[in-house]
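Chemist: The lines below spell out each chain.
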Amino acid sequence: MKPEWIDYAIIAVYFIFVLGIGFHLKKSMKSSKDFLQAGAGIPGWVTGLAFLSANLGAIEVMGMAANGAQYGMMTCHFYWLGAIPAMVFVAVYMMPFYYKSNIRSVPEYLRKRFNEPTRALNAISFAVMTVLMSGINLYAMALVFQSMLGWDMNFSIIMAAVVVLLYTITGGLTSSIYNEVMQFFLIFFGLMPVTIMGILRLGDWEEICSHFQNPGFAHLWLEVPGAKNPMGADFLGLVAGLGFVLSFGYWCTDFLVIQRALAAKDLKAAQMTPIIAAFPKILFPILTVFPGLLAIIFVPQLGSNDSNYSYNMAIPILLSNMYPSGLLGLGITALLASFMSGMAGNVTAFNTVWTFDIYQSYIAKNKSDAHYLWMGKAATAGGILISIATAYLVMSHKSIMDYMQLIFTFFNAPLFATFALGMFWKRTTGAGAFIGLLSGTIAAAYHYGLTYFGKLTYRSEMISNFHGAVVAFTVCLIVTVMVSYLSKPKAESELKGLCMGIREGNVEASALQKKESIFSKPGFWGVILLAFTVWLNLLFY
Amino acid sequence: MLDVRLPIGALFFIIGIMIAGWGYTHPPAGSIETKIGLLPINFDIVWGWIMTCFGLATFSYARWDALDTQEKLLKAGTAAATIAAEKSEAEPGAEVAPGAEPETKSD
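Here the protein sequences come in this chain order: A and B. Position 165 (the first sequence) corresponds to 165 in the numbering used here; numbering is contiguous. Position 17 (the second sequence) corresponds to 17 in the numbering used here; numbering is contiguous.
Treat the hints as calculated values from the structure; they're not laboratory data. None of these values were measured; they are calculated from a predicted model. Treat the hints with care, as some may be off.
Stated by the list, open to error - Here are the simulated lysine-lysine pairs, DSS-like style, with alpha carbons at most 25 Å apart:
#, chain 1, residue 1, chain 2, residue 2
1, A, K268, B, K72
2, A, K268, A, K100
3, B, K72, B, K87
4, A, K112, A, K455
5, A, K265, B, K72
6, A, K488, A, K27
Unchecked claim - To give an idea of the interface, some chain A residues facing chain B are shown, with a C-beta separation under 10 Å as derived from the structure:
#, residue
7, I21
8, V181
9, F185
10, L330
11, W374
Unchecked claim - With the C-beta cut set under 8 Å, the calculated list includes, among others, these residues of chain B facing chain A:
#, residue
12, I17
13, M18
14, H26
15, Y61
16, A62
Ideal Cβ placement from N, Cα and C applies to all residues, glycine included.
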């Protein structure tokens, strides 16, 4: 189906609204706090959907559908093993430390808990990671423009970058969060018809499964023993690599998602942010993985050497083949919204970390707030410019998802060990955290080098990343513990609100918390989420 | 600060109308393919109306919520003013709450 004028008109209306929100919020951006932290006064349901949507960029929509077409139902492990348990954990156990320590960014927590060098290392590695991730979204957006609208790749990249620049530089984090919420609903309405039309055409789940040549394609765990599945996944890689290190590393330490929760109006709203996000997240395979399964049935040549039929094109091909004009415009808009919001999320996290954790801390201390507001805007423009360069880097990778997991292996996997020890073991020292984090990152790079030069082989790039994450985490954990025993820990009085097991003396607050209804407790909803996740794993074993 | 439900409601209302309108003026060539044959459904019209209703409901809820909050604030303001006026009557010279206008009695 070729786009008609109505499809372009729908895209244009969306752009008008996106830019309109940015310009409307411009007058509220009076300080660096307004611009970079959204004034910390947004309701829980808004931050909850933004928390989910910041992760709902190109990776989720195009990447998960691509994986669905390539690996089948096992892709759901990225949700039911690799997301929900970690989201519950960050809500119940980690968010109180983040929120109560009154920090503006994740690296700032590391400064309070450990020391300046650990913060600097994390701030720099996070800044690099966000612009790399931002490039993925930009590339995916240009791919859609090129394949569905026939636009030139270079022109598409520049145009998409300009739109994101305009709305983030005017409305800051608030504009990014608002657009993420809008995008959540657009993704739902834009992709749901694919699922509905697919079910109408093929019938129920059993009939859909009958179209798969390999029966294991419809299962989560059936072919994991012996790693005889298309992903080549084994128990260690899946459970320890994806289910523990990569997943907890991302959801518990990545400032991109934590920043959304920190913008909430109070601790309760901040804790409920990941919980609210987890409920739609658990059902998102219906909109992402399921279309991937449909794509491999309807377009059997998907995954062939022809670049027009790469797995990454699963969703754009389905939209072009199934949607009539009008709905096609909505589908393209949903994809664009997803990429723009994924990119804006990374850029707004980048500008905060750059301004507060690098520029204000090491380059220009004690300047006026207006100066830091200006720097935040300059960092936004700078981040987008670097993202344009990194968009071309992504093109050298066959799968968006593999590239993304590789980035996480380098940066998030060792960082999770640092955070876990820092928050739950008061003996962890600054020297231990710094040397451990550095060693974990070097170990990840060494592991990647071994696989890149063929000294170490795995069944797939994805499994190589899972194992790399386990290596990086383990090295960071062991080195941090060893160095911590050899160095002097901080006094307990300096760790109040930063580490578990340190008494804060706030008896009244905890007594009040005990009187609250069970329905307002994140732990209660966490148990429901985990029970539902276990049930889904059993259902699609 | 802008209530995000307003632009979301307006956007979905407008796009829904556009899609449904296109569906009415351009009947699809094949309709929806199903296991038992072609379903005579114009998906543009169905989905367009669903989106329009969602947009309208979201926008109306946000407006109703804003009016409700305003009403509550007004009531709270009147109550505060009444309390302040009673207090100033009982204790002449007592301070009036900021923003609260004491009731003036007219004979």
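Chemist: So, for every hint listed, does it hold in this structure?
Modeler: Each hint, compared with the structure:
no.	hint	result
1	A:K268 / B:K72	holds, 24 Å
2	A:K268 / A:K100	holds, 11 Å
3	B:K72 / B:K87	holds, 22 Å
4	A:K112 / A:K455	violated, 41 Å
5	A:K265 / B:K72	holds, 20 Å
6	A:K488 / A:K27	violated, 49 Å
7	I21	holds, 6 Å
8	V181	holds, 5 Å
9	F185	holds, 6 Å
10	L330	holds, 6 Å
11	W374	violated, 22 Å
12	I17	violated, 10 Å
13	M18	holds, 6 Å
14	H26	holds, 7 Å
15	Y61	violated, 12 Å
16	A62	violated, 12 Å
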